[in-house]
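*Asks:* One letter stands for each residue in the lines below.
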Amino acid sequence: MTARVFVTLKPSVFDPQGHTITEALHQMGYGGVDDVRQGKYFELNLPGTSADQARTLATEVARKLLANPVIESYRIEVAE
Amino acid sequence: MKFAIVVFPGSNCDHDAYHATRHVLGQDAEFVWHKETDLKGADVVVLPGGFAHGDYLRTGAIARFSPVMDSVRAFAAAGNPVIGICNGFQVLLEAELLPGAMLRNTDKYKCEYVYARVEQTDTPFTNLCAKGQVLKIPIAHGEGNYYADPETIAGLHANRQVIFRYVSPAGEVTAAANPNGSLDGIAGICNLARNVVGLMPHPERACESALGSADGKIVLESVISVFAKA
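Chains A and B supply the protein sequences, listed in that same order.
Just so you know, we're using the numbering used here here: the first sequence kicks off at 3 and counts up by one.
Just so you know, we're using the numbering used here here: the second sequence kicks off at 37 and counts up by one.
Note that these hints are calculated values from the structure, not bench results.
Predicted model only: the values in this text are computed from it and were never measured.
Keep in mind that the hints are not guaranteed to be accurate.
[To be verified] Rough simulated footprint, nothing fancy, chain A against chain B, three-plus residues with beta-carbon under 8 Å:
#1 89-102
#2 137-143
#3 176-189
A virtual CB, placed ideally from N, CA and C, is assigned to each residue, including glycine.
One chain only, chain A, in its complex shape (with noise of 0.2 Å):
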């Protein structure tokens, strides 16, 4: 299987980096995109696994190293 982990920084946590490319492209003309958030994705091959267990180990790595719970959440989608 193959576990895909998006790690976002929380809503309450300011994110200089969206906020810098807000503002890039609010000078490029699109004046439309109101707020960027920027996050981080993952893809872990994992095989020979079942989706219940790629789920799990990827819950488990996303939690002990891919996302600091302080700042971040993260989000997990398992496919073949």
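Chain B: place on chain A using the hints.
*Replies:* Relative to the frame of chain A, chain B by itself:
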């Protein structure tokens, strides 16, 4: 007394810490590679500045899992003094030896002198300072924007764990004096037991007036004085 200076792949202020402790302050100092677990009988551990593991993933996130960190954790748990400077502070946060996390600076990478006010003097790294003393010390970081949730921030203040704050040269906490957007202008904190201190400014780079400032020397002299008294 002896300083152990931990070297991660990407540390680049390890030699600054070595120079300050050994050559300026005349103490014993030894490097400890991050894959080692022996702290060489040191009395103090320094986690130096730099870019451990290239700052990949998050600053300090990979370094946290280096073998040496188990020894540092045990050393800290036994009440021994540990100081994390800049990237070392970031490692201490990721290792949960200190509360909170670092965000990117609100605008850009900053390399400049700042003024850090000593908020508390009952730590091994500030005991020679006067409360409210303002130290001119350099910073050099892109991720020094200290963040914690409101409960954690309230706890830090209630337990007097905020050790350094960014201030104006006159010693006032102002928005203009805050170089990175840190909550409450927090530049350095300690743990509840007060033996683990992390700060973004580089005291080890401000130990000789010929290099611009000697204000940082008192941070290292403080911990030396603890052992001189013992």
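*Asks:* Each hint: holds or not?
*Replies:* Each hint, compared with the structure:
{"no.": "1", "hint": "89-102", "in the structure": "holds (count 4)"}
{"no.": "2", "hint": "137-143", "in the structure": "holds (count 6)"}
{"no.": "3", "hint": "176-189", "in the structure": "holds (count 4)"}
In summary, the structure agrees with every hint in the numbered list given earlier.
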